[in-house]
Each structure stands twice: as structure tokens, then as C-alpha cells.
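2 protein chains.
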Amino acid sequence: MELQFTLKGSFKTSADASPAKDVIDAFFTEANETILTKGAPEGEGARIVEWDIDGDRINLVVKSGKHVRVHDALLRVRKPLAAKLGKEFHIGVRGIDVESYIIELPSEKPLGELKIPYVSSIVYDNGIITLTLDVGESELENRVPDRILKLMEDKIAALSYGGKGEHWEILWESEKKEHVFSGDPTKEMVKQGWLKRGASRGQWIHGAQSTRMFRTFERIVVEELLEPLGYNEMIFPKLVPWEVWEKSGHAKGVYPEIYYVCPPKTRDPKYWEEVSDYYKVTHEVPTAMIKEKIGDPIGGMCYAQCPPFWPYLQGETIPTDEFPIKVFDRSGTSHRYESGGIHGMERVDEFHRVEIVWAGTPEQVVAHSKELQERYLHIFNDILELEWRKAWVTPWFMAQEGLDGISEQGEIGTIDYEAPLPYRGDGGEWLEFQNVSVNGNKYPSGFNVKCQSGDELWSGCSGVGLERWSSVFLAQKGLDPDDWPEEFRKRVGEMPRGLRFL
Amino acid sequence: MELQFTLKGSFKTSADASPAKDVIDAFFTEANETILTKGAPEGEGARIVEWDIDGDRINLVVKSGKHVRVHDALLRVRKPLAAKLGKEFHIGVRGIDVESYIIELPSEKPLGELKIPYVSSIVYDNGIITLTLDVGESELENRVPDRILKLMEDKIAALSYGGKGEHWEILWESEKKEHVFSGDPTKEMVKQGWLKRGASRGQWIHGAQSTRMFRTFERIVVEELLEPLGYNEMIFPKLVPWEVWEKSGHAKGVYPEIYYVCPPKTRDPKYWEEVSDYYKVTHEVPTAMIKEKIGDPIGGMCYAQCPPFWPYLQGETIPTDEFPIKVFDRSGTSHRYESGGIHGMERVDEFHRVEIVWAGTPEQVVAHSKELQERYLHIFNDILELEWRKAWVTPWFMAQEGLDGISEQGEIGTIDYEAPLPYRGDGGEWLEFQNVSVNGNKYPSGFNVKCQSGDELWSGCSGVGLERWSSVFLAQKGLDPDDWPEEFRKRVGEMPRGLRFL
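Residue numbers (my numbering), protein chains in the order written: chain B, 1 to 502; chain R, 1 to 502.
These are computed hints drawn from the structure, not numbers from a lab.
Ideal Cβ positions, reconstructed from N, Cα and C, are used throughout, including at glycine.
The calculated lysine to any residue pairs, modelled on SDA-like cross-linking and capped at a C-alpha distance of 20 Å, are:
#: 1; chain 1: R; residue 1: Lys280; chain 2: B; residue 2: Asn142
#: 2; chain 1: R; residue 1: Lys115; chain 2: B; residue 2: Pro286
#: 3; chain 1: B; residue 1: Lys291; chain 2: R; residue 2: Glu257
#: 4; chain 1: R; residue 1: Lys191; chain 2: B; residue 2: Glu322
#: 5; chain 1: B; residue 1: Lys280; chain 2: R; residue 2: Pro117
#: 6; chain 1: B; residue 1: Lys280; chain 2: R; residue 2: Ser121
#: 7; chain 1: R; residue 1: Lys79; chain 2: R; residue 2: Ser138
#: 8; chain 1: R; residue 1: Lys155; chain 2: B; residue 2: Tyr271
#: 9; chain 1: B; residue 1: Lys265; chain 2: R; residue 2: Glu292
#: 10; chain 1: B; residue 1: Lys270; chain 2: R; residue 2: Ile156
#: 11; chain 1: R; residue 1: Lys370; chain 2: R; residue 2: Ile170
#: 12; chain 1: R; residue 1: Lys293; chain 2: B; residue 2: Glu113
#: 13; chain 1: B; residue 1: Lys150; chain 2: R; residue 2: Pro269
#: 14; chain 1: R; residue 1: Lys265; chain 2: B; residue 2: Glu338
#: 15; chain 1: R; residue 1: Lys291; chain 2: R; residue 2: Asp268
Pair ranges (Cβ atoms, derived):
#: 16; chain 1: R; residue 1: Glu432; chain 2: B; residue 2: Glu371; range: 43 to 49 Å
#: 17; chain 1: R; residue 1: Arg491; chain 2: B; residue 2: Lys177; range: 39 to 45 Å
#: 18; chain 1: B; residue 1: Gln192; chain 2: R; residue 2: Glu363; range: 27 to 33 Å
#: 19; chain 1: R; residue 1: Lys66; chain 2: B; residue 2: Thr287; range: 30 to 36 Å
#: 20; chain 1: R; residue 1: Ile342; chain 2: B; residue 2: Gly230; range: 30 to 36 Å
#: 21; chain 1: B; residue 1: Glu371; chain 2: R; residue 2: Arg219; range: 24 to 30 Å
#: 22; chain 1: B; residue 1: Ser160; chain 2: R; residue 2: His343; range: 52 to 58 Å
#: 23; chain 1: B; residue 1: Ser18; chain 2: R; residue 2: Leu502; range: 55 to 61 Å
#: 24; chain 1: R; residue 1: Gly427; chain 2: B; residue 2: Asn142; range: 54 to 60 Å
#: 25; chain 1: B; residue 1: Thr287; chain 2: R; residue 2: Thr29; range: 44 to 50 Å
#: 26; chain 1: R; residue 1: Leu171; chain 2: B; residue 2: Arg219; range: 36 to 42 Å
#: 27; chain 1: B; residue 1: Asp482; chain 2: R; residue 2: Lys191; range: 52 to 58 Å
#: 28; chain 1: R; residue 1: Ile102; chain 2: B; residue 2: Thr287; range: 27 to 33 Å
#: 29; chain 1: B; residue 1: Gly230; chain 2: R; residue 2: Glu374; range: 36 to 42 Å
Extracted from the complex, chain B is given alone in its bound form (with noise of 0.2 Å):
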């Protein structure tokens, strides 16, 4: 079967209609044939199935496909029926009570146990989703059904493609090479005292060489790329509350991975006395008390590093000339909550990244991705000489989305830079070190970002992780600045020396 609605619900009048009923027949039948086909192919509008009256309201059942729902359907009838029985009848319509409201759509399989809002159950027989749905006039306004719908198409959709995982084409790839270094570079620098582990989980203290490793990768994104290009500092924020990711589309999936922000409920220090007095005569920190005393979640840390720039656009008509707008930012971490288990540098849970972003027309955003791309080929090949790879992959907001899945190649998405690390050995999987995305209209469309011209606005990102490029450039050369590229070499001057230790 097909998707279908099925609706019973009433709207409520000021008096008993009877009197128009002759009135209310026509123009239902009319309406079926006229305003509730309107937009649709042809028989595929929405239909009032059955209809009378009791008393002060007139009962009616609406059954409809995807096109003119039946919560359209009611909402498309209700204005011409009130002035019918207003003028002829001085009847007023009150408004629209909901009886019940049934969507069954098509699934190869049930989609398990779930607790979504104004759904009261969820029945899968025989290749159907029944689901029932307990909505009032307000929910039909605000299109809730329709939202649930594609929720739940999503979810059908999820469920065929689950196994296939992310789309993945490759576009480019250097020769092959030599590497003089086959150890893992995260131990070899723990072990030579380039850095430690942080107290928290996935964090490390980088030492006087790592440090001047990433400080040297930013300079030469800066000198190479961002200065070349015409890129601008800005600094973006770091505390990212929720309205930032209900415009950049986060707030639909990214909540399994977020280190969640919660302040005080208040900065009152006779409130907060109790934690400190049981700290000092304890020395625990009552973790669940201080649960007790701090407010719902108002965000995160920062996840992805450009959602929180948008707002110094939003709501701007921005003259023309002023695009394309190209803006980085490395003013702080980024925070991940990544899955447990120890591993090197290449995946933490606090990182540090140089932050790319460019808006203009859908022409000037994807000319400036090749432009990017360029350098980007510049840098890893003739400074850092290193061997990569970019490729075409889901782009990150879908899957920021919980929208895995088969995405094409084409103007929008995104090209993720890939790099073997030999100690991995020659199958072993290559660690992406950096990515470039067109994101489309979203930020633009999300932030409600103009341009004076009216033209359509697009937007991409490009993240440099600096504790990525460090485990691809540290896996291929090794430690021993001997080994370095002579262009690195000379950008890195001579490496400081760390702190020793008995």
C-alpha cells in the first residue's frame, strides 16, 4: 500500500448546523473536487470520506496520500466554510477538535521501540507503520504531523541503508612512498617527552615539541593559504548554546558525542557553601549534589568550530561586493566525547584545529573550494611531502545529522584528505587529516544571511586538525628533524628541548 492519513475530527460551530446542511453538502462536494486536489496529481488530493452533524459540530472523516494531508485538508477548508455559514447562516466556526489522526506508511521491517513526542503508539504489521497521533488544532497548524512523517521516513530509509555506511569515491592520490619511520609517533613522542596525557580522558599537555610542531603547521596554513587567499582572523566562540546548533542543523543528532555545559543556578555563595563544606571536610567532590545545584544543559563545548561564527552574520543583508566573505579562526579546543578505549594522538577528545570558512554565490563558493584545494596540494606535497589522498564522502552534516548514507558527488558535499600511517602496516586503514565541504545554503539559510544582490547564498568549511596533521606528518618522517622535508625544516627552525624528568 501507499502512504495514507486518515483523519475524524469536528469543527466545533456557535450553533446547531443543520439548517445549512444542504449548504455544507455542496461545498464538500465541491471542495473534494476543487481546493483539496489543488497542487496535487490528478486523484491524488485529500478527500472527506463521510460527514453529518451533531449538534454544534460538524463531524467529518478525511482520508488523503503525501499530497494535501489531511491536516492541510481541514486547515484548507475551514476559512470558505465559516464565511458560507457566517453569511447565509450566522453560524461561526470555533475552531477544530481531533478525534483521531492515523498515518500508515509502507516499511520492509518494524522500526523497534521508540518515544516520539504526539505519537501515542506505533503498530508495524505485514509491511505497515500504524502510527496514531495525538494532536490538537495548534500541532495541525504547526505541521507537527508532517514532521513526524519525515522522521519516521528517515528512520524506514536509515534502516535499508544501515548496512552500506558512508559513500566513498576517491579524486585524487599522490604516488606512493618511501617513509623512514614505521613506530607509532604518538608513543615515540610520549616516550621522548614531546607530550603527556591530560588529566581528562582523551586530552594530552603538549610539551615545548609538539607545541612547536602545531605552531608550525598553523603558520604554514596561514602564510601558505590563508594570508595568499585574502582570509581574515576572526575569533569565534567557544561555549556553543543550543540556539547555534538549532540554526546550523546540530541540535537535529549530534547529541551522543557533546560534552554538555551546564551553569550554576546560581553564583550565590551561600548556595554553593554546602559543596565546598562537604569538599573540605571530605576532600570529594559530591558530584551528585552539584548535579542538584546546576541548571539544564545550555550547550556544549564547541563540536564542529564554524556554527558559532554564524551568528555575527545572522539576520544581515550584506552588501555585495563584500563576497566572497573568507574568515578562520584558532582561538580554542574542540571537544568530542569519542568512543572509550586508549588511543594515540590521531583520535582524542580535545583538539585543536584551524578553522576555515568562505561565503558567497554557489559560483564563488565552489571556485574558492579549488582554490583551497590548490594550496592544500602545495602544502602537503611540496612542503610536508607527504602521501595522501582526497576522496568524496557523505558530507559531515549529514552525517552530524544522523543522516548516514549515499550522497553523490556534486557541488555539494564534502572531500575528506586521507594519509596512510605506516605503522599501521600497508592494509591498515589511513587516518583523515583534514577535510574541505560545500555546505550549500545551510548556514546561509539557517542564520538568515542575505545578499544585497538577492542572489542565493552558499557557504563552505575546511578544518585543519593540527593533532591530525601532526600523526600523519610524525607517522610518515618519524621524530628526527634529520628526516624532515627540507621545507618543513626550514619553517620549524630548530626544535626546542623539552622538559626532563628523573
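Let chain B serve as the given structure and place chain R on it in line with the hints.
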């Protein structure tokens, strides 16, 4: 009256100790003159004032002042008593029961409502606070009563200096200057498009011009201070777990100002599906539901910048010639939940700071503080040409642990750098824009760091607040580069143009 402890309790014995009555009597009589007074001034030890035998218990009442406190008295007596009963009577001492534990301490005023672990009542009467403790053997062994007493003494001390505020004593002051600008720089920066408010409270998004100011200040600090003084850059973590704040002392009292961080209880997408689905249907983030699904806070966002550095040295013994250690960090944001109201850039919840840390022998640390102060003087006088002063204040760590009060000037303590903001008028409050602190052995001791030579280790820290430097510089010099000091203009270069909006 003086501080007094009274403990009623008993040693549990493996059999009726009546046969040993005379031996116990002799032992207690002697103990009152020997082991219970050892280390205490004449006549100020603990005393066993009553005792008897009741079946398999030796009941006793012990009193003491602040020396050889009653719990120490019991612990001192236990072993020799057990030796006597074991050898001569084959009776074992099985443990200690505490029937009641009372502390009476003088206070001019009552302390108000308090909830303190192991304290079942707090009564104030006629200049005396009477605490009834609910403790057992393991709390006696862990010196819980000592911690409770210390806590109460601190609270009583706070009552009496509560009104006096922080210590403040001027150390140096520049000559008074004519200022070319008298506006509020934040308002002017917003007007000229240098920055905009971020989406979270007390947070800014810095445009190209404001960022250029920050980066120029940072470069001045690197070139004029950090490099000449032999500093190495490191990267300190920015998510700070309790473990770090326990060792740094912040766990004693920093709670009212922390942005707390809670991880997801699990990273399983199925666990979070309900939250995603709720958002997709309602377009509202269900913050209360999320609070149920996250764990207790594991710590907070970076508050003071140096504590998360110290695990790098934790538990290490360091060769003597590595000192003084000199490192700095500028890798991310700090966050403080500040009091409400709309403020400019000089008072923010999210800010950027270069944190400077040094450690060595007390002489090295004090001497290096002076070197830093000379470099700052050079920067503020010769490059920024500010009107400023420095003052000796309550050490930050006393303030952050809730120990405000008088601290006389000595070697350990904090120097605040302050500057007038002309727009606040002649009598307006000066802004603290920078500090230099000598912290004594606080950190090396808290993190158990040792010097090979066995010398005591001290440390110092100095925070360069970039928002504060900007606020002071722009308040005194205005936003027009033509009005800026030549030495600064040389370093800032041509100011970038920010984005224009319609």
C-alpha cells in the same frame, strides 16, 4: 572559654577486661602525663577524665584543647593499651566506638544555617558554638574532626573580616596622562563593526579588527617578554576534571563561577534517539530530558589557566638544572559564570588569556617575578604608553578558595595591574588587566613535584587578559590608529577592514 573537645566512647575488647582493671588504671594515669601531653605546651594535652569497664567494653571520656585532640588521644592510646591487654591478659582490642563527639569553640556571632558532613547539630549560645559530630573509628583515623574544626575556624574568621574586603596596597604608579578618547570602547567597537555579541551570555565574536588587536598584544608579549626571558610555549588542556582542581585547591571554593561539564551517559545513538526525535518533531531542544541523560559533572571549562598544566609535572622528580621552568599557554578560552547584567568587553564570561607559569626554588621564583615585572613595565610604558599602576592584593588563590581577607605584603602573593578607563570619569574604578602571582609551594606540593636537590619548589603565574588589555588600551587611546603610540602602530600594521552590513 577556649576551644574544647569532648569525646565519649569505648574500646571494644575481645573479652571482659575487668581482670585488667588495675593495669588499665595505671596505664591511663600514666598516659595522661606522657603520651597524651607529648608535643603539647605544659598542661595543654588531652586527658582521660573518666573511665570504666562494662562487659567487653572499656568506656572512657576524653577531653582536650587544640593540642593532642581527643581523636588523636584515642589513637595514641590504642596500640600500647592493646599491647598491655594482649601480653598480660590475652584480651584483644577490637576497635573504637564513639558515643558522642562534641567540639565547643568561641565565636562572637552565630554562623547561620549550615549543612556539614558528619555534623549532626550546630548550636550557638552565649559566645560558644557547640558542634555535635557523628563520627566513627574511620573518621577519627582520617582526621575528619580536624577538617571540621578548620572549616569552622575559617568561617568564624570570615565573619570578623567579612566587611573589610580585600587587601590592596599600591606598589608603583605611572604619571597621570591626558587621554585622547573618552568613550566606552566596547560601544565604539560595536559601532565600527569590530565585534558583535555571541549567542551565549558574556561572549563576543571578534571581527578582523578586534582579533588583530588581540594578536598584536600576544605578539608583543611573545617578542618583548616570553622570548627574551627564555619561555617555551606549551598547550594546556581546557577541560578541567575535578582531579586537577582537588590538587590545585580550587575544589575548595570555586563552585559559584564554574561552567560545569557533563559527558553523555553513553555514546550509543539509540540512547539519544529520543532526544533527536523530540527535537525534530517539536523544534525545541528538550533540556530537562538531556539533563537526565548526562552524567554527573566531571569538572568544568577552563577557569584559571595554569592548573591543567600541572599534571605534566605531577609525581615527577626534576633535575635541579631544569629550574627555573618557564612555560606559557595561549591555546584556548577561559570561562567564568559572572554576575548578570550587560557589560562591555572588559567583563565577560568567555575570555582569552596568555598564561605564563614559572617554577623553581623560592629565590628563583621571586627573582623571576621581578624580571617579569620589568618586562611588563617596558611594554606598558614604552610600547602601549598606558597610564597604569600596580598593587599588592589578596592572593588570587585565597580569593578563589573563598578565603578573602587581609594578607600582608610578603614574597607570596599577587600583584594586580590596574588602569583607569577615562570614560568612567576621574573618580571611576580602575580596571585590573593583568596580574603577577608568586604562589609559594602550593602547586608543587599539591601535585607532588620534587626537585632533585631536595630544595623546596615554588611557582608563579601571570595572566595576560587580552580582553582587558584591549579594553584599557582602547579606552585610553581610542579606535583611530592615528592616535596610537608609534611603537604599537609599527607592530599592529595596517588594520584590516571588517565586514560591512546594510
